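Q: Since chain G is already given, all that's left is putting chain B on it; use the hints.
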Amino acid sequence: MVAKFDLNDDSVVVIVGSGAGGGTLGTQLALKGIKTVILEAGGRHNMEDFQNDEWASFAQISWLDPRTTSGSWRVSRDFPGLPAWIVKAVGGSTVHWAGAALRFQPHEFKTRTAYGDVAGANLLDWPITLEELEPWYAKAEDRMGVTRTNGIPGLPGNNNFKVLKAGADKMGYTECHTGNMAINSEPRDGRGSCQQIGFCFQGCKSGAKWSTLIAEIPKGEETGKLEVRANAQVLKIEHDAKGKVTGVVYADKDGAIQRQKARIVAVAGNSIESPRLLLNSASSMFPDGLANSSGQVGRNYMRHMTGSVYGVFEKPVRMYRGTTMAGIIRDEAKNKPDRGFVGGYEMETLSLGLPFMAAFLDPGAWGREFTSALDGYDHMAGMWLVGEDMPQESNRITLHADKKDKYGMPVPNVHFDDHPNDVAMRQHAYRQGMALYESVGATRSFPTPPYPSTHNLGTNRMSEKARDGVVNKWGQTHDVANLFVSDGSQFTTGGAENPTLTIVALALRQADYIAGQMAKNAI
Amino acid sequence: MRSPTSTTAKPTPNHTMHRRAFLAASATAAAATAILVSGGAILCPREAWGYETKALAPDTMRSLIRVSRDIYPHDRLADRFYAVAMKAQDEKAAADPALKELYESGMAKLDRLAKAKHEAPYAEVGWEADRVRLLHEIEADPFFQTVRGGLVTGIYNNQEVWPLFGYEGESAAKGGYIDRGFNDIEWL
Numbered sequence: 001m002v003a004k005f006d007l008n009d010d011s012v013v014v015i016v017g018s019g020a021g022g023g024t025l026g027t028q029l030a031l032k033g034i035k036t037v038i039l040e041a042g043g044r045h046n047m048e049d050f051q052n053d054e055w056a057s058f059a060q061i062s063w064l065d066p067r068t069t070s071g072s073w074r075v076s077r078d079f080p081g082l083p084a085w086i087v088k089a090v091g092g093s094t095v096h097w098a099g100a101a102l103r104f105q106p107h108e109f110k111t112r113t114a115y116g117d118v119a120g121a122n123l124l125d126w127p128i129t130l131e132e133l134e135p136w137y138a139k140a141e142d143r144m145g146v147t148r149t150n151g152i153p154g155l156p157g158n159n160n161f162k163v164l165k166a167g168a169d170k171m172g173y174t175e176c177h178t179g180n181m182a183i184n185s186e187p188r189d190g191r192g193s194c195q196q197i198g199f200c201f202q203g204c205k206s207g208a209k210w211s212t213l214i215a216e217i218p219k220g221e222e223t224g225k226l227e228v229r230a231n232a233q234v235l236k237i238e239h240d241a242k243g244k245v246t247g248v249v250y251a252d253k254d255g256a257i258q259r260q261k262a263r264i265v266a267v268a269g270n271s272i273e274s275p276r277l278l279l280n281s282a283s284s285m286f287p288d289g290l291a292n293s294s295g296q297v298g299r300n301y302m303r304h305m306t307g308s309v310y311g312v313f314e315k316p317v318r319m320y321r322g323t324t325m326a327g328i329i330r331d332e333a334k335n336k337p338d339r340g341f342v343g344g345y346e347m348e349t350l351s352l353g354l355p356f357m358a359a360f361l362d363p364g365a366w367g368r369e370f371t372s373a374l375d376g377y378d379h380m381a382g383m384w385l386v387g388e389d390m391p392q393e394s395n396r397i398t399l400h401a402d403k404k405d406k407y408g409m410p411v412p413n414v415h416f417d418d419h420p421n422d423v424a425m426r427q428h429a430y431r432q433g434m435a436l437y438e439s440v441g442a443t444r445s446f447p448t449p450p451y452p453s454t455h456n457l458g459t460n461r462m463s464e465k466a467r468d469g470v471v472n473k474w475g476q477t478h479d480v481a482n483l484f485v486s487d488g489s490q491f492t493t494g495g496a497e498n499p500t501l502t503i504v505a506l507a508l509r510q511a512d513y514i515a516g517q518m519a520k521n522a523i
Numbered sequence: 001m002r003s004p005t006s007t008t009a010k011p012t013p014n015h016t017m018h019r020r021a022f023l024a025a026s027a028t029a030a031a032a033t034a035i036l037v038s039g040g041a042i043l044c045p046r047e048a049w050g051y052e053t054k055a056l057a058p059d060t061m062r063s064l065i066r067v068s069r070d071i072y073p074h075d076r077l078a079d080r081f082y083a084v085a086m087k088a089q090d091e092k093a094a095a096d097p098a099l100k101e102l103y104e105s106g107m108a109k110l111d112r113l114a115k116a117k118h119e120a121p122y123a124e125v126g127w128e129a130d131r132v133r134l135l136h137e138i139e140a141d142p143f144f145q146t147v148r149g150g151l152v153t154g155i156y157n158n159q160e161v162w163p164l165f166g167y168e169g170e171s172a173a174k175g176g177y178i179d180r181g182f183n184d185i186e187w188l
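Chains G and B supply the protein sequences, listed in that same order.
So that you can map any letter, position 154 of the first sequence is 154 in my numbering, and since no number is skipped, the others follow by simple counting.
So that you can map any letter, position 179 of the second sequence is 179 in my numbering, and since no number is skipped, the others follow by simple counting.
Next comes chain G alone, as it looks inside the complex:
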């Protein structure tokens, strides 16, 4: 029995966004018997409706609302209106994530201590440790069915992985396997096992991949305590004279403006939309935006150090067959400052179909250097390089001075400059990736520049002291007790790992905290 709550019901928890953070939090609260409304800006698709067609799928599920960019990052040149490649749909970016579910390393929760004072970086230790989060990581892994945890076998390696593994062996890497993936390697939790379809980015058509769309939200809805409203874009969070939030204003599926009252509001719109919403909720009491007494809302935007390497071989690889992220090398993820940078990076297989390979291989390039690379498409193996980037105060989300979306809400501008540490790490990663493919006989290998950001982090960061960040160790804003942040924007620093598992672990932990605070009538 799917719930339907009244707009004037001020006892509900309202969650903005239905992805890894919002979808998990909403489901968990409902399972605890707490009335919850999730407002999702995008539409709701069934997994049968997903398309094994890159551009068609891109048009179907991507967040394509207007955004602007600035700064020296190459994405701003190549894709000035598309800083991020994320999803606008129920399930959020768990619909298109590749499924890599990795825990942070201990030092990644205390980077200021571990890395010291890095010039230009706004490093800060998280107010929580790995030990505190470990039980929640364990719960998240069990819930998501992560391979190589809870006795779940690893996925079988596809062709792209086999090339990676052969190269890892040649390079002397020791931590290479088919990953900790939230993709069923055997039937589990009512979902089947992976059919090696490929097209993980386009929405899993078999249901083997965990997403809040198919693996969480339906369970929440079954309780009768969760209502998900699709095509509902939140424009503003409102508060009372005491500075407590009272509800949200949103545009519904017909574009009509609605006001949903709430006891608690949790923001989980990903690291561009979440600060945008807080900034757009400025009032006479909060002139710089809601929860922004520190001035840190929108700042410290991180997008992970990224890049890709493709190798072309004499004989076919057909990397696109099977899971997109089919394996990982973790040896470079450790913090080894003698490499010339702090932090580390993961090497993960990646493949793109021909249409996206043409668009992303070297955006703007043309001529035979470019086309001869594409001529080797079915002989290519590919990997994505993803590592920790440095938080910088000047990398930030702001409201555009005059550009507005169709509801009159200022569009977000995403400003980003690479930190010298990011650049040094990327160069190292490119060299290692190319050397790896050459070690197994690649006749040509090339680095590919960063794609629009998929890992958007840090713009409402967690801090022990209110002056250093936006939320406390529970994701509760320092300024407003009944306002929470529940997505990757809480990350104090980014770690080297794909962020979804950490977002889910934090959301499960936050659900417990919220339920406890509600029971005590503290909020």
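Simulated from the structure, these hints should not be mistaken for lab results.
Computed from a prediction, not measured in an experiment: that's the story for all the values here.
Accuracy of the hints is not assured; some may be wrong.
Claimed, not checked - Under the rule of at most 20 Å between Cα atoms (straight-line distance), these lysine to aspartate or glutamate pairs were calculated in the EDC-like manner:
| hint | chain 1 | residue 1 | chain 2 | residue 2 |
| --- | --- | --- | --- | --- |
| 1 | B | Lys92 | B | Glu104 |
| 2 | G | Lys315 | B | Glu168 |
| 3 | G | Lys315 | B | Glu137 |
| 4 | B | Lys174 | G | Glu132 |
| 5 | G | Lys242 | G | Asp479 |
| 6 | B | Lys115 | B | Glu137 |
| 7 | B | Lys174 | G | Glu48 |
| 8 | B | Lys174 | G | Asp53 |
| 9 | G | Lys170 | B | Glu186 |
| 10 | G | Lys334 | G | Asp169 |
| 11 | B | Lys117 | B | Asp96 |
| 12 | G | Lys315 | B | Asp184 |
| 13 | B | Lys109 | B | Glu128 |
| 14 | G | Lys473 | G | Glu132 |
| 15 | B | Lys109 | B | Asp141 |
A: What follows is chain B alone, placed relative to chain G:
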């Protein structure tokens, strides 16, 4: 002669070369280019297709197909794939006079540069390297960027092209690759 593509967005089946068309094409094979202009249309006897332009002058269309191949040269791709990609841009120009003007004036400029340097319009300049040098002179122009940008999807998102690159496209309906070679690599 048939259009290089159907009027729908779906890809067309391969066009078989008819023997008579082949012979007709052979007779004109000495021409500098395989694409001819006839009235309001361009014709490619060698590949047995023709296309009546919607907005662009046929001469412009013919030259733009040459430009397209020079921007994204794949020797395994027949001209018709470049024609299909430019056809999409011609159709856009039919609904957008400013875009039409961008193509016409851009191509006219490129022809002027070609004549000044090689005493021939762009499409008649004999060596690819010479043509590519001309393209480099205009690569910052909106004309070049518009043509190039349209080709990224115009060429590579054409499902008929995919098999020529060894890309198999949709797989879910075939049961994925679990039993169809996801791990069949043998040469490692």
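Q: Now tell me, hint by hint, if it's right for this structure.
A: Results of checking the hints against the structure:
no. : hint                : result
1   : B:Lys92 x B:Glu104  : holds (13 Å)
2   : G:Lys315 x B:Glu168 : holds (17 Å)
3   : G:Lys315 x B:Glu137 : violated (37 Å)
4   : B:Lys174 x G:Glu132 : violated (45 Å)
5   : G:Lys242 x G:Asp479 : holds (11 Å)
6   : B:Lys115 x B:Glu137 : holds (14 Å)
7   : B:Lys174 x G:Glu48  : holds (14 Å)
8   : B:Lys174 x G:Asp53  : holds (14 Å)
9   : G:Lys170 x B:Glu186 : holds (17 Å)
10  : G:Lys334 x G:Asp169 : holds (18 Å)
11  : B:Lys117 x B:Asp96  : violated (32 Å)
12  : G:Lys315 x B:Asp184 : holds (12 Å)
13  : B:Lys109 x B:Glu128 : holds (18 Å)
14  : G:Lys473 x G:Glu132 : holds (11 Å)
15  : B:Lys109 x B:Asp141 : holds (11 Å)
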